[in-house]
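In order, the protein sequence lines correspond to chains A and B. Just so you know, this note's numbering puts 3 at position 3 of the first sequence, and the rest follows in order with no gaps. Just so you know, this note's numbering puts 58 at position 58 of the second sequence, and the rest follows in order with no gaps.
Read the hints as simulated data drawn from the structure, not as lab findings. Values in this document were obtained by computation on a predicted structure and should not be read as measured data.
Cross-link-like lysine to any residue pairs, in silico, SDA-like; alpha carbons within 25 Å at most:
hint: 1; chain 1: A; residue 1: K106; chain 2: B; residue 2: R115
hint: 2; chain 1: A; residue 1: K106; chain 2: B; residue 2: R112
hint: 3; chain 1: A; residue 1: K168; chain 2: A; residue 2: K179
hint: 4; chain 1: A; residue 1: K106; chain 2: B; residue 2: G111
hint: 5; chain 1: A; residue 1: K106; chain 2: B; residue 2: L101
hint: 6; chain 1: A; residue 1: K106; chain 2: B; residue 2: G100
hint: 7; chain 1: A; residue 1: K106; chain 2: B; residue 2: F117
hint: 8; chain 1: A; residue 1: K106; chain 2: B; residue 2: L113
hint: 9; chain 1: A; residue 1: K273; chain 2: A; residue 2: P25
hint: 10; chain 1: A; residue 1: K106; chain 2: B; residue 2: D114
hint: 11; chain 1: A; residue 1: K168; chain 2: B; residue 2: L101
hint: 12; chain 1: A; residue 1: K106; chain 2: B; residue 2: E102
hint: 13; chain 1: A; residue 1: K168; chain 2: B; residue 2: G100
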Amino acid sequence: MSLDVSIGHRFPSFEIAVAFSAPAPGITVLFGASGAGKSTVITAVAGLLRPQHCRVRIGPEVLADTNNGTWTAPENRRVGMVFQDARLFPHLSVADNLRYGLRRAKVRGRIDFAEVVDLLGIEPLLGRRTHALSGGERQRVAIGRALLAQPRLLLMDEPLASLDAPRKAEILPYLIRLKARLDLPVLYVTHALDELVQLADYAVLLAEGRVQAAGPVEEIAARADLPLAGRADAAAVLACTIAGHEPERQLTRLAWGDAVLWVVQIDRPVGAKVRLRIPAREVILARAGLPLADSLSVHNVVSGVVRAVAPRPPRHTAMVEVTAGGGSLLAHVTPDAVQRLGLAPNVPVAALIKSMAIEVIGDTDDTDDTEAPPAYPER
Amino acid sequence: MGFGLPLAVLTAWVLVRCRFPGRALLNAFVHLPLVLPPVVVGWLLLILFGVRGPIGSLLLSWFGIRLAFTTAAATLASAVMVFPIMVRSMRLALEAADLGLEQAARTLGAGRLDRFFTITLPLASPGVLVGAIVAYATCLGQFGAVITFAANIPGATQTLPLAIYAALQQPGGESRAAELSLIAVVLALAGLLASEWANRRLNSMLGR
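Pulled out of the complex, with its shape left as it was, chain A reads as follows (with noise of 0.2 Å):
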């Protein structure tokens, strides 16, 4: 099955045109910077909005055609959305909320409410009025109350944007959760790469009212001709499987292709898909065929002495502290090259240090991973 978008319109001062084919179920994330017809896109396919050109279709259905002057309204097209706002019913509790699309369902759904409420951790907050909630607890039970009136297609317009970002944090494993359990459609708007990156299977990258470039998130995030790569927080998405532990050396080995990767330890059972980011600035590549110093892509390479190793045992790992130059240098390392290296006090050690992976505080440029800059340029 597939999801199939097509959406035109012009508005006085800005044009819209796209059109995409996503795979249903999963997760589809519309990306781009505000102004980019995001919105748009995701009202128009609610139905709550009508622009000249419009054609919806998931799977055989075809929810809107303006070719042929099919057009379903919102209440009847089974298309749940949630809110930046979350937009719960003031004077419902948080049960009859819930219960709202439910009860006006057109089909005996596979959703169920006690699934729900479950998977979305909302069981205290059922008696409750809703301004008694947090932020994070009504998102939760909007995206609970969308599903729960059994759509074919949930859409969700920026629901993390609104909270700080411990709120997003926490909600985010429930989406994570919702994405393994329910093998639904999801449409997705976000300007925050760490939600495309954690929640995507197929990436929208709009701009301008127009699709920049769409595919798997996978192809998507590692293309460097796009706008993500200029990021300084660019990073390529691996799917993976797991291919094995090795508990001795603390260590799981990842399937990815016919390549191999070494990750620390992660407590999942072997042949369970895992996602992995690597940041672009922190990948050192090497010259096949030269001696291994001219070979290497690394700038930086300072001899020194081991002065402490300190063992860090929740994520199975080590720093290192290095005596060299002016002073000292952490390095933060596998258990398992401890003990291949032999580190230990006094032993004599080389650092490698990319360039691009040095941050020079006070260099407005070089700005960190937890404060995204703008997708895209201002328009």
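Mind docking chain B on chain A? Use the hints.
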């Protein structure tokens, strides 16, 4: 009141949400009793609903109802007079109701009527209630339209102001007038206090 309230809510909703030719005319028509002299309104009602009027004669021949100069006539005259007051306050309340919530209800499968009764009306309920109470209090003070259409018949069509006026026409009626005025003050105050209290209760229920 029982007939007037739903009709006022409906009219207000039509004026707020619907765009159609003649909307301005409907608006003006609804507000007419507010600006016309009350005696004119009473006289127009008499023309329409009197036994020889176009509506009054039909009522008489079909149902045997004689409206003019009865309690029902006094009620009708009062209702017509306070109708614009009700519509105004309800219109304000409906305009303040959040369209975003109605959109949310729409995506959850609620049709137009459903949305009106489960979302819009509950959210506008403080305004509707205040409008109803103020209209009720205003009803008690009707004079011109009532005396023209329903006359001044003690125990049937006599409103408070009519009774006070009648008392003042007789020698020594001042004490009777004073008593009646006191009743009017108490009723008006009670109405205003009740609307204030109801407004606060409803708003706190809505979490405002």
